[in-house]
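Let's have the full structure, built from the sequences with the hints guiding it.
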Amino acid sequence: MKKALIAYIATLLAFLLLDGIWLGVLMAPTYREQLGSLMLEKPLLLPAAVFYCLYVFGCVLFVVLPAASLQWAAKRGALLGLVAYGTYDLTNWATLRGWSVQVTVMDWAWGTFATAVACTVGFLVAKRL
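First residue of the sequence shown? That's 337 in this note's numbering, and the numbers climb one at a time after it.
Do not take every clue at face value.
Between beta-carbon pairs, the in silico distance windows are [to be verified]:
hint	residue 1	residue 2	range
1	Trp-429	Pro-379	35 to 45 Å
2	Pro-379	Ala-430	20 to 30 Å
3	Tyr-388	Ala-445	14 to 24 Å
4	Ile-342	Met-442	24 to 34 Å
5	Met-442	Leu-352	39 to 49 Å
6	Ala-430	Leu-406	11 to 21 Å
7	Met-337	Leu-382	24 to 34 Å
8	Leu-376	Val-437	14 to 24 Å
9	Ser-436	Phe-387	17 to 27 Å
10	Leu-465	Gly-434	26 to 36 Å
11	Met-337	Leu-371	17 to 27 Å
12	Ser-373	Ser-405	30 to 40 Å
13	Ala-430	Pro-383	19 to 29 Å
Since the hints were made in silico from the structure, they are not lab data. From the three backbone atoms N, C-alpha and C, an ideal C-beta is built for every residue, glycine too.
Below you can see the structure in the form of structure tokens.
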């Protein structure tokens with residue numbers, strides 16, 4: 337139980353840090369330019385918090401805890417990110433006016449990378465216990 341909790345906290349912190357830099361610093365102007373009227377002035381914190389908590393729970397349950405090696409954690413984390421972010425981005429591209437192929441590819445690649453890194457961090461921290 338302790339290992340799972342520490343893995344969860346480490347994975348969550350890594351994912352929040354990465355996504356905070358991506359969304360808040362690096363890509364904010366691009367998302368505003370590309371998505372325009374689809375974006376809220378201020379994001380709703382409750383659904384965002386629920387997303388992060390649930391997504392990281394999935395990362396820990398399906399990747400971090402079962403991982404036997406660093407490579408396995410990174411590859412399976414990337415696969416989870418590919419599937420999860422692909423589902424989100426492709427659905428948005430298929431259903432939302434103004435959601436471009438450029439945003440789809442950019443966000444999908446980011447989600448794949450960020451999930452792989454966060455799962456790897458979670459694995460490394462949990463392994464040290």
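Do the hints match the structure? See the list:
1. Here the CB-CB span from Trp-429 to Pro-379 is close to 20 Å, at odds with the stated 35 to 45 Å.
2. A hinted range of 20 to 30 Å holds for the C-beta pair Pro-379 and Ala-430, which are about 23 Å apart.
3. For Tyr-388 and Ala-445, the Cβ-Cβ distance of about 19 Å falls inside the hinted range of 14 to 24 Å, so the restraint holds.
4. Hint check: Ile-342 to Met-442, Cβ distance near 32 Å, so the stated range 24 to 34 Å holds.
5. A hinted range of 39 to 49 Å is violated for the C-beta pair Met-442 and Leu-352, which are about 20 Å apart.
6. Hint check: Ala-430 to Leu-406, Cβ distance near 35 Å, so the stated range 11 to 21 Å is violated.
7. Look at Met-337 against Leu-382: about 27 Å separates their beta carbons, and that is inside 24 to 34 Å.
8. With their beta carbons about 23 Å apart, Leu-376 and Val-437 fall inside the hinted range of 14 to 24 Å.
9. Checked against the hint of 17 to 27 Å, the pair Ser-436 and Phe-387 passes, with Cβ atoms roughly 22 Å apart.
10. For Leu-465 and Gly-434, the Cβ-Cβ distance of about 46 Å falls outside the hinted range of 26 to 36 Å, so the restraint is violated.
11. One distance hint, 17 to 27 Å for the beta-carbon pair Met-337 and Leu-371, is violated here, with the actual separation near 41 Å.
12. Checked against the hint of 30 to 40 Å, the pair Ser-373 and Ser-405 fails, with Cβ atoms roughly 45 Å apart.
13. Range check, Ala-430 to Pro-383: Cβ separation about 21 Å, and the 19 to 29 Å hint holds.
Taken one by one, the earlier hints fail for this structure at numbers 1, 5, 6, 10, 11, 12, listed in ascending order.
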